[in-house]
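Enquirer: In order, the protein sequences belong to chains A and B.
According to our numbering, the first sequence is numbered sequentially starting from 10.
According to our numbering, the second sequence is numbered sequentially starting from 10.
Simulated from the structure, these hints should not be mistaken for lab results.
Be a bit skeptical, because a hint or two may be false.
Since the list can't tell identical chains apart, any single copy or any two copies may satisfy a pair.
With a straight-line Cα cutoff of 35 angstroms, these simulated DSBU-like cross-link-like pairs (lysine-lysine) come out [unchecked claim]: (1) LYS131 with LYS99; (2) LYS317 with LYS204; (3) LYS31 with LYS220; (4) LYS13 with LYS269; (5) LYS220 with LYS112; (6) LYS269 with LYS333; (7) LYS237 with LYS35; (8) LYS99 with LYS35; (9) LYS317 with LYS112; (10) LYS31 with LYS112.
Each chain, letter by letter, is given below.
There are 2 protein chains.
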Amino acid sequence: MSKKITPLSEIGLFGLIEHIEKTFPKRNENSLTGIENDAAVVSCSGSKLITAQNLLLEGIHFDLTYYPLRHLGFKAVVSGISDIIATGTKPSQISISLGLSGKMSLEAVELLMEGVATACEKYDLDLVNFRPSSSLTGLSIAVSAIGFASESSPSTRIGARENDLICVTGDLGSAFMGLQLLEREKQVLKETGQKNPDFGGYDYLLERQLKPEARLDLLDQIKNAHLKPTSMALVREGLAAALIRMCKASGTGCNIYENKLPIDHSTNTLGEEMEINPVVAALNGGEDYELLFTISLEDYQRIEKEGKSLKDIFVIGHITPESKGYTLETNAGEEIALKARGWGNEDAESKN
Amino acid sequence: MSKKITPLSEIGLFGLIEHIEKTFPKRNENSLTGIENDAAVVSCSGSKLITAQNLLLEGIHFDLTYYPLRHLGFKAVVSGISDIIATGTKPSQISISLGLSGKMSLEAVELLMEGVATACEKYDLDLVNFRPSSSLTGLSIAVSAIGFASESSPSTRIGARENDLICVTGDLGSAFMGLQLLEREKQVLKETGQKNPDFGGYDYLLERQLKPEARLDLLDQIKNAHLKPTSMALVREGLAAALIRMCKASGTGCNIYENKLPIDHSTNTLGEEMEINPVVAALNGGEDYELLFTISLEDYQRIEKEGKSLKDIFVIGHITPESKGYTLETNAGEEIALKARGWGNEDAESKN
Numbered sequence: 010m011s012k013k014i015t016p017l018s019e020i021g022l023f024g025l026i027e028h029i030e031k032t033f034p035k036r037n038e039n040s041l042t043g044i045e046n047d048a049a050v051v052s053c054s055g056s057k058l059i060t061a062q063n064l065l066l067e068g069i070h071f072d073l074t075y076y077p078l079r080h081l082g083f084k085a086v087v088s089g090i091s092d093i094i095a096t097g098t099k100p101s102q103i104s105i106s107l108g109l110s111g112k113m114s115l116e117a118v119e120l121l122m123e124g125v126a127t128a129c130e131k132y133d134l135d136l137v138n139f140r141p142s143s144s145l146t147g148l149s150i151a152v153s154a155i156g157f158a159s160e161s162s163p164s165t166r167i168g169a170r171e172n173d174l175i176c177v178t179g180d181l182g183s184a185f186m187g188l189q190l191l192e193r194e195k196q197v198l199k200e201t202g203q204k205n206p207d208f209g210g211y212d213y214l215l216e217r218q219l220k221p222e223a224r225l226d227l228l229d230q231i232k233n234a235h236l237k238p239t240s241m242a243l244v245r246e247g248l249a250a251a252l253i254r255m256c257k258a259s260g261t262g263c264n265i266y267e268n269k270l271p272i273d274h275s276t277n278t279l280g281e282e283m284e285i286n287p288v289v290a291a292l293n294g295g296e297d298y299e300l301l302f303t304i305s306l307e308d309y310q311r312i313e314k315e316g317k318s319l320k321d322i323f324v325i326g327h328i329t330p331e332s333k334g335y336t337l338e339t340n341a342g343e344e345i346a347l348k349a350r351g352w353g354n355e356d357a358e359s360k361n
Numbered sequence: 010m011s012k013k014i015t016p017l018s019e020i021g022l023f024g025l026i027e028h029i030e031k032t033f034p035k036r037n038e039n040s041l042t043g044i045e046n047d048a049a050v051v052s053c054s055g056s057k058l059i060t061a062q063n064l065l066l067e068g069i070h071f072d073l074t075y076y077p078l079r080h081l082g083f084k085a086v087v088s089g090i091s092d093i094i095a096t097g098t099k100p101s102q103i104s105i106s107l108g109l110s111g112k113m114s115l116e117a118v119e120l121l122m123e124g125v126a127t128a129c130e131k132y133d134l135d136l137v138n139f140r141p142s143s144s145l146t147g148l149s150i151a152v153s154a155i156g157f158a159s160e161s162s163p164s165t166r167i168g169a170r171e172n173d174l175i176c177v178t179g180d181l182g183s184a185f186m187g188l189q190l191l192e193r194e195k196q197v198l199k200e201t202g203q204k205n206p207d208f209g210g211y212d213y214l215l216e217r218q219l220k221p222e223a224r225l226d227l228l229d230q231i232k233n234a235h236l237k238p239t240s241m242a243l244v245r246e247g248l249a250a251a252l253i254r255m256c257k258a259s260g261t262g263c264n265i266y267e268n269k270l271p272i273d274h275s276t277n278t279l280g281e282e283m284e285i286n287p288v289v290a291a292l293n294g295g296e297d298y299e300l301l302f303t304i305s306l307e308d309y310q311r312i313e314k315e316g317k318s319l320k321d322i323f324v325i326g327h328i329t330p331e332s333k334g335y336t337l338e339t340n341a342g343e344e345i346a347l348k349a350r351g352w353g354n355e356d357a358e359s360k361n
């Protein structure tokens, strides 16, 4: 047994996944993917099952001082099913395990599960497993989800090819800005003893943080436009992390453009007010739950020719050879290295 | 919104599951079971997928002061796959999410995942999802598992019929006694400053607590003997809880015999030493990870006639009409009501 002690911050979140991967050889024929993807693909009598799991912990993923329990239940489902959606698959079943601290009453659990029920209704899901347990510390929520791939080849983050166009959905950084706003108001209320926070017209940012939507709607749009994503992933820990992991898995580089990043005007406004760079929020903010995918140039040209408009889908750059690294071209024409948001060691994921 | 505050201890663990169940109507045709079972059944192109999820939390499910991380990793897998096994199905894939506190180093995660890898090797499992995250408090481990039913009708806790025989596997209460021993030695070391605990020949009990086995071997035996369990469930929170939930789900009562309970001699010996009733350990101890199932009288008589011996399977009583309640016949011939281990309100699950 090695006596060496390596802080996890040194290897990073994604480094840890890669590190662990080697020790798990494949044993069952029907395991079609390993742990390199956020959602796993398992074959089942000819069709393909997609499964993914997520853990939300109090103090890390949510702060109960400003997080309404009903919203939290909804968001836990969105967080749990979004990895399935990012394979191009509609999720159909979810399982929930709760670690409940002493301060949670029945009514509190009811509120939380009301949010879960609302999400189940909205996204047409069945809760097939519910396992409450006690917790000595905070509230823990584990959500696993399954879905059955409608396509013979569900999308994964592996498959991006040189010259493919990089697309993202929705807008980026707004959930992160919503979190900054909530944190600021929490601080203000604490210092001034006021009772009502002042969110000054930033409702959209709050909603993106407190009640994010799963982008099931985008799947229909991609399908209807006959787009065939060559790779797809969820933007959960910021665009940079999602894009770098996709490129690493696909063995490619990438180049994206600052002026193409979809950023909501309220993200810009609050960014100015709070002195937070909206581009940094978009690249490294997290909790966007938007889709990142690549399409071939031919696919894009066909769409253009057909005159189809793709609502809420934005081309932000293209895939390059691996040797080019992961770069962002700024508005000033400068090329800078993309850095992924990680666990302390921010440089670990960057190649440049 | 109701202002009423009901402590969870009032409704109990199983009460909470029943309470939540009503708010989740079924939406997808392929969801074959609801949350009434610990493992869910989902149909998938004609075959049946079984899925279950579990959450292990530091301080509640394990104490890192005496729990070796490698054993913990192994046990987390056993805990995660045992609900699948209790449907008569071999699990094939697992997903793991970790909440890692600041005190966890890379080497600590490696040890934990070594235990997971050992279990994957032993039980022929693929890890298809691995999601580390940080945690403000203790270590959290969420494990979800899937398997594909070999039988057209996987067993659930619903299906026990009057006069069916009640069977359990292995022995009961030993994992609980192992825990008592570990707690006692932790206390002794703390008080005396000694360095080495004295487990005085109770290796078996420690093993049952620290390195429990998943009873995959029993599935083969049940299959080879052509036994057709009418219902099956996992003994996780003690025999009484598993049996009462099975009877409630099946709409029956039960009667079991104290002198038929499989209790290891070391459970009896340590029970005497520590003044813990071994029968209480067997009924309400928990963490046995053994199987509880019912078979028809005909099935049993056929086995007897064939002269087949069922290793590690014990008949402990029989299913009665619902109106008879859930009873234990003591060695003194007394009939007492079974009580399930719950969340404080011990009487909540008892009918008598």
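Enquirer: Would you mind marking each hint as holding or not holding in the structure?
Expert: Tested hints:
In this assembly of identical chains, LYS131 and LYS99 lie within 35 angstroms of each other by CA distance both inside one copy and across copies; the values are 12 angstroms within and 33 angstroms between. For the homomeric pair LYS317 and LYS204, neither the shortest alpha-carbon distance inside one copy (49 angstroms) nor that between copies (74 angstroms) is at most 35 angstroms. For the identical chains of this complex, LYS31 and LYS220 are inter-copy neighbours only, at 24 angstroms across copies versus 37 angstroms inside a copy, given an alpha-carbon limit of 35 angstroms. When the C-alpha separation of LYS13 and LYS269 is checked against a cutoff of 35 angstroms, the pair qualifies neither within a copy, at 45 angstroms, nor between copies, at 51 angstroms.
Within a single copy, LYS220 and LYS112 get their C-alpha atoms as close as 24 angstroms, and across copies as close as 32 angstroms, so both meet the 35 angstroms cut-off. For the identical chains of this complex, LYS269 and LYS333 are intra-copy neighbours only, at 20 angstroms inside a copy versus 71 angstroms across copies, given an alpha-carbon limit of 35 angstroms. Taking identical chains as interchangeable, the C-alpha atoms of LYS237 and LYS35 lie at most 35 angstroms apart whether they share a chain (28 angstroms) or sit on different chains (32 angstroms). Proximity of LYS99 to LYS35 under the C-alpha cut-off of 35 angstroms is found in both arrangements, the shortest distances being 26 angstroms within a copy and 16 angstroms between copies.
Neither within a single protomer nor between protomers do LYS317 and LYS112 lie at most 35 angstroms apart by alpha-carbon distance, with minima of 53 angstroms and 53 angstroms respectively. Proximity of LYS31 and LYS112 under a CA criterion of 35 angstroms is satisfied inter-copy only: 24 angstroms between copies versus 41 angstroms inside one chain copy.
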